[in-house]
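Based on the provided sequences and hints, a complete structural model is requested.
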Amino acid sequence: MVGKRTAGFLKLFIISLSISVLAPAHVAAEDFLDRLMERCSKGDTQACGEIDKLTEKYKEQVERVNAQADAFQAAAPSLDIESGNKPNIKKAYPIILERYMNSDTVEPIHRKKGLKPDLIKTCSNHLHDLYFIHGKEIPSLGSGKPDWGAIYLVTIDHYFRFCSKQLQQK
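Quick note on our numbering: the sequence shown kicks off at 12 and runs consecutively.
Be careful, since some hints might not be right.
Below, a list of computed lysine-lysine pairs in the DSS-like style, where the Cα atoms sit at most 25 Å apart [claimed, not checked]:
hint : residue 1 : residue 2
1    : Lys132    : Lys101
2    : Lys64     : Lys53
3    : Lys132    : Lys147
4    : Lys53     : Lys102
5    : Lys102    : Lys64
6    : Lys147    : Lys176
Pair ranges (Cβ atoms, derived) [to be verified]:
hint : residue 1 : residue 2 : range
7    : Lys97     : Lys132    : 12 to 22 Å
8    : Phe143    : Lys70     : 29 to 39 Å
9    : Gln57     : Lys102    : 40 to 50 Å
10   : His145    : Lys176    : 13 to 23 Å
Calculated from the structure, these hints are not laboratory results. Glycine included, each C-beta is placed from N, C-alpha and C at the ideal position.
Set out below in structure tokens:
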């Protein structure tokens with residue numbers, strides 16, 4: 012279910028989680044992936060092909076993360092993380108990160124970095140603002156309900172690839 016509705020994002024997410032295997036340092040791996048994604052987004056078919064190959068290589072992990080995202084989608088109604096059809100990103104963000112960190116798909120580099128409460132709060136506010144102030148499209152199902160599977164993936168990517176990386180550079 013999640014694989015079909017978030018295939019493009021999931022592909023890049025899994026590669027970003029797994030790419031550290033390809034380079035000696037995690038930062039170098041992220042830079043490599045960033046360059047590949049940028050080239051692909053500009054129409055470089057060779058870069059897009061490299062992304063496809065990496066996705067195939069990590070197919071098993073893609074399936075495990077899909078299962079986690081599906082499980083989170085199923086659990087979301089009992090977590091009191093939405094009001095009507097609006098997700099409460101600030102409340103869901105730390106829940107998602109804790110579930111990820113306790114899963115069998117957590118990357119060793121993420122386990123090593125760990126979760127920092129102040130950073131989680133700052134990052135959850137940032138993602139909330141992206142959706143509710145800056146108008147980034149909230150992942151949703153055909154029913155109009157939040158797509159918690161996609162939000163699960165976005166949150167992990169946001170924390171480890173964007174927010175914590177940006178704040179550590181300051």
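Query raised in the report: Is Lys64 within 25 Å of Lys53, Cα to Cα?
Result: Satisfied, since the Cα-Cα distance of roughly 18 Å is no more than 25 Å.
Query raised in the report: Are the Cα atoms of Lys102 and Lys64 separated by 25 Å or less?
Result: It is violated: about 36 Å lies between the C-alpha atoms, which goes past 25 Å.
Query raised in the report: Does the Cβ distance between Gln57 and Lys102 fall inside 40 to 50 Å?
Result: Given range 40 to 50 Å: holds, Cβ gap about 42 Å.
Query - Cβ separation of Phe143 and Lys70, checked against the hinted range 29 to 39 Å - result: holds, 35 Å
Query raised in the report: Taking the beta carbons of Lys97 and Lys132, is their distance inside 12 to 22 Å?
Result: Distance hint for Lys97, Lys132 holds at roughly 20 Å.
Requested in this report: Below or equal to 25 Å on CA atoms is what counts here, so check Lys132 against Lys101.
Outcome: Roughly 8 Å separates the two Cα atoms, so the pair holds.
Report task. For the pair we were handed, Lys132 and Lys147, check the Cα-Cα distance against 25 Å. Result -> holds, 19 Å
Query raised in the report: For the pair supplied as a hint, Lys147 and Lys176, is the alpha-carbon distance within the 25 Å limit?
Result: holds, 20 Å
Report task. For the pair we were handed, Lys53 and Lys102, check the Cα-Cα distance against 25 Å. Result -> violated, 36 Å
Report task. May I ask you to test the hint 13 to 23 Å on the CB atoms belonging to His145 and Lys176? Result -> holds, 19 Å
Hint check: violations occur at hints 4, 5; the rest are consistent with the structure.
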